[in-house]
Amino acid sequence: MGRTLMKRAGELAAVLLIVSFGTFLLVSLLPNDPAVSILGPGRAPAEYAALREELGLDDSTLSRYLDWLGSALTGDLGQSVVPPQVDVLDRIAAALPVSVQLAVMGMGMALLISIPLAMWSAYHAGGRVDRVISGGTFGVLSVPSFLAGLLVIMVFANALDWFPRAQWVRITESLAGNLYHAFLPALTIALAEAALFTRILRNDLITTLQEDFILAAKAKGMSARHVLFSDALRPSSFSMVTLIGLSLGRLIGSTVIVEYLFALPGLGSLVIGAADTGDFVMVQGAVLVIATIYVLTNLLIDLSYGVLDPRIRRAHV
Amino acid sequence: MSEITELPTPPAAGQALDAAVSSAPERTRRPARSVPWGSVALTLLGVVVSGVGVAALRDGNGWLQLAVVVAGLVLAYVGGGQLLRRRFGAGFDLAAWLCTTWLVLLLFAALLAPVLPLGEHQDIAGSLDAPILAAPDLLSPYPLGTNNFGLDLLSRVIHGARASLVVSLGAVLIGTVVGAALGIVSGFFRKTTDVVIGIFTNSLLAVPPLVLLIALATVLEPSLGNIALALSLLALPSVIRMARASTLTFVQREFVLAARAMGASRMRLMVRELLPNVLLPLASYGMVMISVLIVAEASLSFLGLGIQPPNPSWGNMIAEGEGNTFEEHPHIVLVPGVVLFLTVFSLNLLGEKARKRFDPRQAKL
Numbered sequence: 001m002g003r004t005l006m007k008r009a010g011e012l013a014a015v016l017l018i019v020s021f022g023t024f025l026l027v028s029l030l031p032n033d034p035a036v037s038i039l040g041p042g043r044a045p046a047e048y049a050a051l052r053e054e055l056g057l058d059d060s061t062l063s064r065y066l067d068w069l070g071s072a073l074t075g076d077l078g079q080s081v082v083p084p085q086v087d088v089l090d091r092i093a094a095a096l097p098v099s100v101q102l103a104v105m106g107m108g109m110a111l112l113i114s115i116p117l118a119m120w121s122a123y124h125a126g127g128r129v130d131r132v133i134s135g136g137t138f139g140v141l142s143v144p145s146f147l148a149g150l151l152v153i154m155v156f157a158n159a160l161d162w163f164p165r166a167q168w169v170r171i172t173e174s175l176a177g178n179l180y181h182a183f184l185p186a187l188t189i190a191l192a193e194a195a196l197f198t199r200i201l202r203n204d205l206i207t208t209l210q211e212d213f214i215l216a217a218k219a220k221g222m223s224a225r226h227v228l229f230s231d232a233l234r235p236s237s238f239s240m241v242t243l244i245g246l247s248l249g250r251l252i253g254s255t256v257i258v259e260y261l262f263a264l265p266g267l268g269s270l271v272i273g274a275a276d277t278g279d280f281v282m283v284q285g286a287v288l289v290i291a292t293i294y295v296l297t298n299l300l301i302d303l304s305y306g307v308l309d310p311r312i313r314r315a316h317v
Numbered sequence: 001m002s003e004i005t006e007l008p009t010p011p012a013a014g015q016a017l018d019a020a021v022s023s024a025p026e027r028t029r030r031p032a033r034s035v036p037w038g039s040v041a042l043t044l045l046g047v048v049v050s051g052v053g054v055a056a057l058r059d060g061n062g063w064l065q066l067a068v069v070v071a072g073l074v075l076a077y078v079g080g081g082q083l084l085r086r087r088f089g090a091g092f093d094l095a096a097w098l099c100t101t102w103l104v105l106l107l108f109a110a111l112l113a114p115v116l117p118l119g120e121h122q123d124i125a126g127s128l129d130a131p132i133l134a135a136p137d138l139l140s141p142y143p144l145g146t147n148n149f150g151l152d153l154l155s156r157v158i159h160g161a162r163a164s165l166v167v168s169l170g171a172v173l174i175g176t177v178v179g180a181a182l183g184i185v186s187g188f189f190r191k192t193t194d195v196v197i198g199i200f201t202n203s204l205l206a207v208p209p210l211v212l213l214i215a216l217a218t219v220l221e222p223s224l225g226n227i228a229l230a231l232s233l234l235a236l237p238s239v240i241r242m243a244r245a246s247t248l249t250f251v252q253r254e255f256v257l258a259a260r261a262m263g264a265s266r267m268r269l270m271v272r273e274l275l276p277n278v279l280l281p282l283a284s285y286g287m288v289m290i291s292v293l294i295v296a297e298a299s300l301s302f303l304g305l306g307i308q309p310p311n312p313s314w315g316n317m318i319a320e321g322e323g324n325t326f327e328e329h330p331h332i333v334l335v336p337g338v339v340l341f342l343t344v345f346s347l348n349l350l351g352e353k354a355r356k357r358f359d360p361r362q363a364k365l
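Just so you know, the sequences run in chain order A and B.
Per this note's numbering, residue 1 is the first one in the first sequence, and the count goes up by one each step.
Per this note's numbering, residue 1 is the first one in the second sequence, and the count goes up by one each step.
Take the hints with a grain of salt, since some may be wrong.
Unchecked claim - Derived coverage of chain A by chain B (criterion: at least 3 residues anywhere in the stretch with Cβ under 8 Å from a Cβ of chain B; other residues may be distant):
id : segment
1  : 6 to 18
2  : 21 to 28
3  : 59 to 72
4  : 93 to 105
5  : 136 to 144
6  : 287 to 293
Stated by the list, open to error - Simulated restraints, written as ranges between beta carbons of each label pair:
id : chain 1 : residue 1 : chain 2 : residue 2 : range
7  : A       : S60       : B       : R268      : 38 to 44 Å
8  : B       : L45       : A       : R170      : 52 to 58 Å
9  : B       : A95       : A       : V104      : 48 to 54 Å
These aren't lab readings, by the way, just hints derived from the structure by calculation.
Fair warning: this is a prediction, and the values are worked out from it, not measured in the lab.
Positions of the beta carbon are idealized from the N, C-alpha and C atoms, including for glycine.
Make the full structure from the sequences, and use the hints.
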């Protein structure tokens, strides 16, 4: 286990280094001079030269990268280049909790929806309900998250008027208000994930339900609920855990879209707003933070297999 | 991380089970009859109901009309499915045929868009006399309605399909060519090459797809070529991994050994022996990849970072209807939304079918 961990940590460091370099290189993809993008056209050449000097744009790429990386590692991601020139790290720190809460709530709701659906489907495999659920989940998977979000708004916010749109209550102000306002965005995120989880879990459950120990449990007179929840769920959940890791990228993507759609002050709105105004320093910082979180979470999920399934633990050592 | 990528196969196995379970009893239970009047009646009823919906409910409530038309289509689908299964056997998959038809229609409409008799799609000066925000009415000159500049939505949807298809097909092509090359090289040479390409792949995977697109959109001009290039970066990692995995298995096979024994160069081994075998599973994956990239492009355009209005794209058309117009004129969102959904759904369904058929891993089961 120790050696695997060391190897993974090495790979991780290399990946993060390359990602940070790629993020840094974003600026060089800019079609025109960054100094012109920051100040706007039509200034005196001396002003541009002064700004270039200040930003260190005349140094070599490598030394600029090392500079940038050094300050990023010490927690300085620079200043936003668009008028309210705020500190990038402060903005990210303020936005991050919103995104994390949405993603976690979305994932939780997806599990709440998918586990019962998958159990019903698998227990009555081939039945009418099972076929409807299979078709329905396949259909839901083909709805892009921004479209799903618009439909959710159309039904729950406009037609039924049960939930508000475009408001956010910080968790520190009121817990109930926070959950109430986060419900629709989280539901939007949960829809696609729930469809995927239902499909995977159903298939694994069908396999598990044919095992001898399930027959034994049934023969002992256990109720269907007991068999499904206590005996079948855990051995059927490995593919789903893998999937949670795999779908993390999409989850972050749909969180970004949902924040934009519901105008929530999260990391996604921050990135989109910055991209819109060409605030590349903000985008760089946000991408670096998101990528780091993403890579670390993936590592944690990889390590969690060993905890869930002892066979993997042995195979690695 | 590499063992995880190959896992999403179970749904296919489950679906095969689905099909087996659902079609088996029907074959044995139903007695042979000369003409299945029930199914014929159901199909006709469906056609009539949707026809009535289109023609007779023109001035009524739009939602009611939509509901009637959809109900009619569902009836026709059920009845038609029964009829066709009787005619061509229980394995007949009406859904797959409909999806193919949809994609073919879309492709032709997109290809022929400049010569089709369509309304104005882009130039506001050309639509001054058109009604604005007209609701969809299949029998009017604006079958799918108009937007707030009076531009014809049918025409815009078709021109949007051009953009979507060009961008996503281009991206899949770039991704497959570059990815297959890198994957084969990585699986063939192993050692340092493999490690370097592996770290490159992992780095691409380390940024969530949409965030990568947004980051690139910050600095790149939103031209079709640039968007296709950015999207191809999303396709790249999985193509590299698939190509590398197949190379690793094929390189140990006898035909490669035979070619090696006959003195084939490394280049020839990779291009003539490995490439054809690596490409087949990639081709069936390409279909699913296209649907993912269409969604990615639409999302980017929806966020205002992709194809810029007035050039139509499904994403920016949906964005047009978002906000205040949404409550009163839902068709602005629903028309491109339904087209996007049908396209993605068709690609997913056919991709799933193709994967079941051509994926060698599935064939072994």
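*Which numbered hints turn out to be false for this structure?*
Of the numbered hints, 3, 4 and 9 do not hold.
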